[in-house]
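**Student:** As a plain string of letters, each chain reads:
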Amino acid sequence: MERRGSERSEVPLTALRHGETGIVTSIKAGQGRGWGRGWGFEKRLMDLGLTPGTKVTVVKSAPFRGPLEILVRGSRLALGRGMAERILVEIEKQ
Amino acid sequence: MTKQKLVIALAGNANVGKSVIFNHLTGLHQHIGNWPGKTVERAEGTLRFKDYTIDVIDLPGIYSLSTYSLEEVISRKYIAIEKPDIVINVVDASVLERNLFFTLQLIELQTPMIIALNQMDIAKKKGIEIDPEKLEKLLGIRVIATVATKGVGLFQLLEKAVEAVEKGSPTTHAEVKYGEEVEEKISQVAGMLDGVQFWYPSRYAAIKLLEGDEEIQREISKKDSKIASVAKKLASEIENLHGHSCSTVITSERYELAGCIAREAQKLVPPSKPPIEERLHTLTTHKIMGYPIMAFSLLFMFYSIFTFGGYTSELLNNFFYGLQPIFADLFGSNLVGELVWGGIEGIIAGVTIAIPYIVPFYIILYFLEDSGYLSRIAFLMDNVMHKIGLHGKAFIPMMLGYGCNVPACLGCRIMETERERLLAAFVTTLVPCAARTVIILGLVGHFLGIQWALVLYIFNLLVIFALGRIAFKTLPGEPTALIMEMPSYKSPQLKTVLKETWFRVVEFMKVAFPLIVVGSLAIKLAEIAGLLEQVATLLSPVTVMWLGLPLITGITLIFGVLRKELTLIMLATLLGTTNFALVLTPVQMIVFTLVTMFYIPCIATMAALLREFGWKKALSITIFEIVFAITLGGVALRLLLHVM
Numbered sequence: 001m002e003r004r005g006s007e008r009s010e011v012p013l014t015a016l017r018h019g020e021t022g023i024v025t026s027i028k029a030g031q032g033r034g035w036g037r038g039w040g041f042e043k044r045l046m047d048l049g050l051t052p053g054t055k056v057t058v059v060k061s062a063p064f065r066g067p068l069e070i071l072v073r074g075s076r077l078a079l080g081r082g083m084a085e086r087i088l089v090e091i092e093k094q
Numbered sequence: 095m096t097k098q099k100l101v102i103a104l105a106g107n108a109n110v111g112k113s114v115i116f117n118h119l120t121g122l123h124q125h126i127g128n129w130p131g132k133t134v135e136r137a138e139g140t141l142r143f144k145d146y147t148i149d150v151i152d153l154p155g156i157y158s159l160s161t162y163s164l165e166e167v168i169s170r171k172y173i174a175i176e177k178p179d180i181v182i183n184v185v186d187a188s189v190l191e192r193n194l195f196f197t198l199q200l201i202e203l204q205t206p207m208i209i210a211l212n213q214m215d216i217a218k219k220k221g222i223e224i225d226p227e228k229l230e231k232l233l234g235i236r237v238i239a240t241v242a243t244k245g246v247g248l249f250q251l252l253e254k255a256v257e258a259v260e261k262g263s264p265t266t267h268a269e270v271k272y273g274e275e276v277e278e279k280i281s282q283v284a285g286m287l288d289g290v291q292f293w294y295p296s297r298y299a300a301i302k303l304l305e306g307d308e309e310i311q312r313e314i315s316k317k318d319s320k321i322a323s324v325a326k327k328l329a330s331e332i333e334n335l336h337g338h339s340c341s342t343v344i345t346s347e348r349y350e351l352a353g354c355i356a357r358e359a360q361k362l363v364p365p366s367k368p369p370i371e372e373r374l375h376t377l378t379t380h381k382i383m384g385y386p387i388m389a390f391s392l393l394f395m396f397y398s399i400f401t402f403g404g405y406t407s408e409l410l411n412n413f414f415y416g417l418q419p420i421f422a423d424l425f426g427s428n429l430v431g432e433l434v435w436g437g438i439e440g441i442i443a444g445v446t447i448a449i450p451y452i453v454p455f456y457i458i459l460y461f462l463e464d465s466g467y468l469s470r471i472a473f474l475m476d477n478v479m480h481k482i483g484l485h486g487k488a489f490i491p492m493m494l495g496y497g498c499n500v501p502a503c504l505g506c507r508i509m510e511t512e513r514e515r516l517l518a519a520f521v522t523t524l525v526p527c528a529a530r531t532v533i534i535l536g537l538v539g540h541f542l543g544i545q546w547a548l549v550l551y552i553f554n555l556l557v558i559f560a561l562g563r564i565a566f567k568t569l570p571g572e573p574t575a576l577i578m579e580m581p582s583y584k585s586p587q588l589k590t591v592l593k594e595t596w597f598r599v600v601e602f603m604k605v606a607f608p609l610i611v612v613g614s615l616a617i618k619l620a621e622i623a624g625l626l627e628q629v630a631t632l633l634s635p636v637t638v639m640w641l642g643l644p645l646i647t648g649i650t651l652i653f654g655v656l657r658k659e660l661t662l663i664m665l666a667t668l669l670g671t672t673n674f675a676l677v678l679t680p681v682q683m684i685v686f687t688l689v690t691m692f693y694i695p696c697i698a699t700m701a702a703l704l705r706e707f708g709w710k711k712a713l714s715i716t717i718f719e720i721v722f723a724i725t726l727g728g729v730a731l732r733l734l735l736h737v738m
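Top to bottom, those sequences are chains A and B. According to the working numbering, the first sequence is numbered sequentially starting from 1. According to the working numbering, the second sequence is numbered sequentially starting from 95.
One chain only, chain A, in its complex shape (with noise of 0.2 Å):
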């Protein structure tokens, strides 16, 4: 069998459902207009533990495209959709 299923479930953060685990691929930065702290972002979400690899919890977001409530490596962040939208999980299938 092809591994391409794989690769396309690689979807970002908020395309989970409230209660979802997924598993950090990677973290778009550099991307967007002048985006220029890219790079502090990525290390900042780093540091607070969100490496490729890493299981990481939807618990809920806020409306009206809010942040997004996650758990991750047993801390709670709350997360702006901007952001989420740039973190790139893989769905753990059951």
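Be aware that one or more of the hints could be misleading.
The calculated DSS-like cross-link candidates involving lysine-lysine, where the alpha carbons are at most 30 Å apart (straight line), are [to be verified]:
hint	chain 1	residue 1	chain 2	residue 2
1	B	LYS481	A	LYS28
2	B	LYS567	B	LYS710
3	A	LYS55	B	LYS228
4	B	LYS219	B	LYS361
5	A	LYS60	B	LYS219
6	B	LYS271	B	LYS171
7	B	LYS218	A	LYS60
8	B	LYS584	A	LYS55
9	B	LYS326	A	LYS28
10	A	LYS55	B	LYS271
11	B	LYS589	B	LYS218
12	B	LYS97	B	LYS254
13	B	LYS244	B	LYS228
14	A	LYS60	B	LYS381
15	A	LYS28	B	LYS567
16	B	LYS218	B	LYS254
17	B	LYS218	B	LYS231
Residues on chain B that point at chain A, a partial pick, calculated with CB under 10 Å [claimed, not checked]:
hint	residue
18	TYR162
19	ILE222
20	PRO581
Please keep in mind that the hints were generated in silico from the structure rather than gathered at the bench. The structure displayed is predicted, hence computed values, not measured ones. Glycine residues also receive a C-beta, built at the ideal position from the N, C-alpha and C atoms.
Assemble chain B onto chain A, guided by the hints.
**Tutor:** Just chain B, lined up with the frame of chain A:
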């Protein structure tokens, strides 16, 4: 025997109880200032223990020792260059893995340290059991379990810290080892660094160079330009090998190690039902329930502050002005006496605002902060704040602004970038503070009805959003996003809250009082010299012709620079009545209130802006607001005359 001096630094993540430990250790012997030339707070205190006089430095709460923020750079440099005798690494037992990630970096920096394994009680509630001895063995660092909020383990912590210094703590730290390929590159770069005089250990500097740390690249290039470029080349080799940037690889591996240690030292026993803190969190961040709860909490907060503040402020005012005749007897009513009284009036102005409004405001604010609720508010308000290019955290200084703009401007420090700090501060100066509320309620609310006051408040919010949006579009730079920890709820500590309040109030007085006094003196001098009438005449094209207000308002608007509610008080004095309906038409009342709402940051706020952003930006904001308020007032007058 002479006292020996020791320096202990507290380092750790945010929300781990560092400041609680700091307060416990140093009591009231504290000094809160800024790091030289920076807008980052530096808290320092002293205590006596055995034969030592110990200086305790509370470093800012950070998650890493990289260069993401000023706080991180300051902490790193402080530890590496000023070399405190020992660092107490405060670790949150309830989020062990992430905290150990920071600990490992301290180890890499070859910091002499011991660990305070704090918030053991919260960890237990979450079902996390940690074996301090096992952790101690794994890390090779002394670990003391503490519950700082109850004072548990703190004496022992201090004892062990001093003991470690006396013994000259053996550096048998656990080794922070990376994968083979990475290790190879590290030793290559470290080898090149060995001959170079640098304040960071070579291995640490090598790791940071591979991670692409800009500060260290810059510093090392001054000494040997070759090293940085070699490191860059090696870093790209790792990138090619792993498919991730070298910095990502190193951070991941460091986190893996932290995870391994955490898993070995802790046992997870999930509680049978979610603890009360957890349920409270779910409720207060609920997509529907969260908002009424927030609205109710904030309304309650403002209602109690304004009730208490209004009452106390009047009491204090009466008391001070009751002293005026006694004072007049002492000095006589000559020039000197009048001038001195002018200065005293300035201080009275400060005190009658600071004590009644700012003190309770801070007390409630720190209760909310200490409990963890403020971060939930930031979570709920994030997308609203995004409309003006800020994120959820900016809601906090804005909220503060309704009490007083001065602490609100200083509170903008919580924003991550200079641009956001400025944007948040600008928006904050437009928020009607307690003094402006006195005018809105006292003039429009009282004489035209509360619905008009409400209209003005809503209009004010619209202006804030419109101007905020324009400023956000014009200021260069990109918006940042919310990245914030939401720590577990905990019951706030009265002692910590009161202490924070005390230091904030002192800070407020230091920033605001000098300018208030000088400003009061200047205006008093102008009054004595008979200049005020002339100024009022000079302003008449604006006040009378453009804004359609009585000539006298020119004077009151000048006094309002000192303290906004003086515009109303002076109006009553100069017009000889408090029944404003006799002397002002409803349209004039609205125009007057609109103008005072926006026309200039008061002198104390200007002082705060000056301190945070320098005179150029402070002046620009001030001039903009003057022009804006006058334009707005004139336009409003013409529109209202059509309607009313």
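**Student:** Does each hint hold? Answer for all of them.
**Tutor:** For each hint, the structure was consulted:
Among the hinted pairs, LYS481(B) with LYS28(A) is consistent with the structure: their alpha-carbon atoms are about 23 Å apart, no more than 30 Å. A C-alpha spacing of about 20 Å is found between LYS567(B) and LYS710(B), which places the hinted pair at or below 30 Å, so the restraint holds. Pair hint LYS55(A) plus LYS228(B) holds up; C-alpha atoms about 26 Å apart against a cutoff of 30 Å. At roughly 13 Å between alpha-carbon atoms, LYS219(B) and LYS361(B) fall within 30 Å of each other, so this suggested pair holds.
Note on LYS60(A) and LYS219(B): the hinted pairing holds, with a Cα-Cα distance of about 22 Å set against a maximum of 30 Å. Annotation: proposed proximity of LYS271(B) to LYS171(B) holds, straight-line Cα distance about 23 Å (limit 30 Å). Restraint check for LYS218(B) and LYS60(A): the C-alpha separation of about 25 Å stays at or below 30 Å, so the hint holds. Distance restraint check for LYS584(B) and LYS55(A): the Cα-Cα separation of roughly 26 Å lies within the 30 Å cut-off, and the hinted pair is therefore satisfied.
For the hint linking LYS326(B) to LYS28(A), the alpha-carbon distance of about 21 Å falls within 30 Å, and the restraint holds. For the given pair, LYS55(A) sits about 23 Å from LYS271(B) by alpha-carbon distance, which is consistent with the 30 Å threshold. For a cut-off of 30 Å, the pair hint linking LYS589(B) to LYS218(B) stands: about 24 Å separates their Cα positions. Straight-line distance between C-alpha atoms of LYS97(B) and LYS254(B) comes to about 19 Å, which keeps the hinted pair within the 30 Å bound.
With a CA separation close to 24 Å, the supplied pair LYS244(B) and LYS228(B) stays within the 30 Å bound. The straight-line distance between the Cα atoms of LYS60(A) and LYS381(B) is roughly 9 Å, inside the 30 Å bound, and the hint therefore holds. Of the pairs offered as hints, the one joining LYS28(A) and LYS567(B) holds, with about 24 Å between alpha carbons and a cut-off of 30 Å not exceeded. Taking the CA atoms of LYS218(B) and LYS254(B), the gap is about 24 Å. The hint holds against a cut of 30 Å.
In summary, the hint linking LYS218(B) to LYS231(B) is supported, as the alpha carbons are separated by about 21 Å, within the 30 Å threshold. A hinted interface residue such as TYR162(B) counts as satisfied when its beta carbon comes closer than 10 Å to some beta carbon of chain A; here the least separation is about 5 Å, so the hint holds. Among the interface hints, the one on ILE222(B) holds; its C-beta lies about 8 Å from the nearest C-beta in chain A, closer than the 10 Å criterion. Restraint check, PRO581(B) versus chain A: the minimum CB separation of about 8 Å is within 10 Å; hint holds.
Hint check: no violations occur; every hint is consistent with the structure.
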